[in-house]
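Join the two chains into one complex using the hints; note that each chain is given alone, in its own frame.
Quick mapping for you: the protein sequence lines, in order, are chains E and Z.
According to the working numbering, the first sequence is numbered sequentially starting from 1.
According to the working numbering, the second sequence is numbered sequentially starting from 1001.
Calculated from the structure, these hints are not laboratory results.
Built from N, CA and C at the ideal position, the CB exists for glycine as well.
Label-pair ranges, simulated between beta-carbon atoms: (1) K30(E) - A1011(Z): 26 to 34 Å; (2) F1052(Z) - N152(E): 30 to 38 Å; (3) E163(E) - G1190(Z): 27 to 35 Å; (4) M1040(Z) - K30(E): 48 to 56 Å; (5) D179(E) - G1190(Z): 19 to 27 Å; (6) D1201(Z) - D207(E): 49 to 57 Å; (7) D1201(Z) - G144(E): 33 to 41 Å.
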Amino acid sequence: MKKLLSIMFAAVLVLSFAACGAKNEAGSNKFIMGIDPEYPPFSYLGDDGNYTGFDVEICKAACEKLGYEFEVFEVNWDEKLVQLDAKECDCVWSGMTILDSMKEEGYVISAPYFDNSQVLLVKEGSGITSSKDLAGKIVAVQLGTSGEALLNDELSDLSATFESVLTCDSFLKCFTELDGGAADAVFVDYPVAASYVSEHAGFTILDEELGGEQYGIAFRAGDEELCKKIEGAVAELVKDGTYAKIAAKYPDIVDSLVFLK
Amino acid sequence: MSLWVMVAKMAEGLTRTCAIFFLTLIFSLPLGMFVALLRMSRNKIISGVTRFIISVLRGTPLMLQLLAVTYGPYYLFGVTVSRNKLIPVVIAFAINYAAYFAEIYRGGIESISKGQYEAAEVLGYTKAQTFLRIILPQVIKRIMPSVTNEVVTLVKDTSMAFTVSYQEMFTIGKQIANSQTSFVPFLVAGVFYFVFKAIVDFAMGKIEKKLNYYN
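Next up, chain Z with everything else stripped away, as it sits in the complex (with noise of 0.2 Å):
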């Protein structure tokens, strides 16, 4: 196989990877703060039940999430399997990386102090007006760095994708070692992973740099 075809193959599976990324980060950054929200709620509860599907998600291998998400719902109700893989994996990746999300969340708004809940309500704010005016936008430059940590984190985890045959690069690429014996596709993989990273890592800083307007 040459060298063209091997990368072309990969980058073939390099659009799947980024399907994976863009919708994952789509959806749970959002679901991410409404599980935030549900974990801090006044009422023992809700609190308590998020708080617990908040540690199985993340005391759980997402290996595992993949495959309960994927065939789950096939060997409990007899749904058939999705066909486009996409659709599992992408659900699976959005909870499990809600619920990081959700504690990131968390800490930034718990960091916060009363007083300025206090100043609000003096001033006349409502509760909604406070949490969106005030304490979001400080909350969103604290949390930065951690949010990229994670952000990170997830351009190398969708290689996990592989577990329910999604056929993403990282897949793509041990098929191709295995059947070349060869190595060069890991290598392959590696600089795509990092040119990706570096791509995220650029964005973040931006976006950071954007947020820093008081300084």
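Chain E with its partners taken away, still in its complex shape (with noise of 0.2 Å):
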């Protein structure tokens, strides 16, 4: 028994001190990239077990074209700017739907790169054409982005049609309880929705924008000068057609890109 234990509190020791190496003082050189592990086709984890997706991607390629060392730190969503300032990451880069209140509250958000909008995803014949079907239904959506937002506050109107507003944790979470029956529709940003309907078939996405915006990359406040840097060397990516290759490996948001139209 106190060979277990020995064995035990050895192993416990050696795990802290590993995950002690892991990662490092925050060194000049050393850009931060804070991500939703959970949002594909920006940022998930892929097939080999590491972190990938067009964000992910462009931010490695902007590194190297600015020398910084690359890494990757995976923000909790709902917690992402509270992250951000206690220096966690260097930026939160990750499909991210720029908001008046966050200039408002000072933090330093990049151009423009991607225009999203806003779509229903209902399954094949369901019936439901548009968002005037949805009254009496319940439509699912996920906490904290910017649809749970929209219909909260600017689709107010609509969502007072529904039966209810069912708020999940995750996409995955969503889609399951359509698929399950629980949701007649999933109000989800249009990338994540195509990719869904490029995996699974019988579901459909309705012909309908609900609510435009853009996604942008999120700074700290007085870091303009990063954001500028970080700005330029995606410009570079897309002159010399790095970001154009790049975004063709993600055909279901290629059309969207601003920096490609």
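This is the structure in structure tokens:
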């Protein structure tokens, strides 16, 4: 028993030291990208077990251009700005909708790089063809997304016609609610819906855009210079064709990229 | 993503889950005893303050306490947030669990009849001797089932660490689930938790059996 205990102790100590070694104090040359690791195709866990996605690849390439050491930090999306403030990451760059409230709070926001729209995803053959058909139905939406904000604010007249809004903590759960019959539609960002539809049969996206918005990169207040540098590096990537090459890997979103229009 | 990569990735998270689990127990079990003694102090102020702290710790969600421990120092005093997330996570868990353990210990200690203290005094035991040699061994036996209960809860509570972006097993499982739009990772997580809990049950059962020296 004693032996077992001492082995366990040793294991725990080794583990905690290993954890210590994983991340160093923020060096001058390190650029830590804050991502939502549950947001394909912009940022997600790739098939090889490493983070990838459109935003991750672009950021990596930009860091190479600038000579920065690239690192990923997985933010908790509900707390992303707290974690940015607390210097756990240097930016939040993960299909993030630019909100006026962010600018009002002093965050430095890059020029928008993606035109997003919110769409409704429904089951094929459900008979729902527009948002008007959703009166008395249940609509699922992800907590903390701009879709949820829209339903509560600008589109509150529309959401008042629903039987209820079902708030889930991830898209996967929203889609599962829809698939399982607990919800009649999912209110979601277009790229997420598109990538889901391309992988799963039996769903369609309604041809109705319910709220345009743009994606950008958020930096801490006072980091204008860093924002300029990153924007500059991205502009270079656009110029030398790397940007288009990376974008080609993500066909669902390529049409909405601002820099490629 | 192949099942193998998925399991390997989640096993990597499992080592972090284990780190939270063991470190929390190592710190909270003794801390709980200390808090229990403060709580039972004859000094009204000490026991009152301790009682208030315990009720705050038990009355607010662990998730909130994790946020407070991790980001509170930064917002209040500008202290840099620790890069090693294990530190704030373990501090928050240890404090929270110490509050629960303290109440379990107190229940155990107060369940011992006064007569035993009086008998010990008659036999010339000092207060410390009475507590350590007579009371505590009986208390430990009595509280084992309740402690096991908390320990099993802790296995599952470790998943709460996702709140502050600590990449433990369930957090990684959620990421895989969302990138693969599949529920398989949750199944894997369930199996991991169940096996973990079975091992904990086995170990606690052994300890209880060892303590059962009178029967």
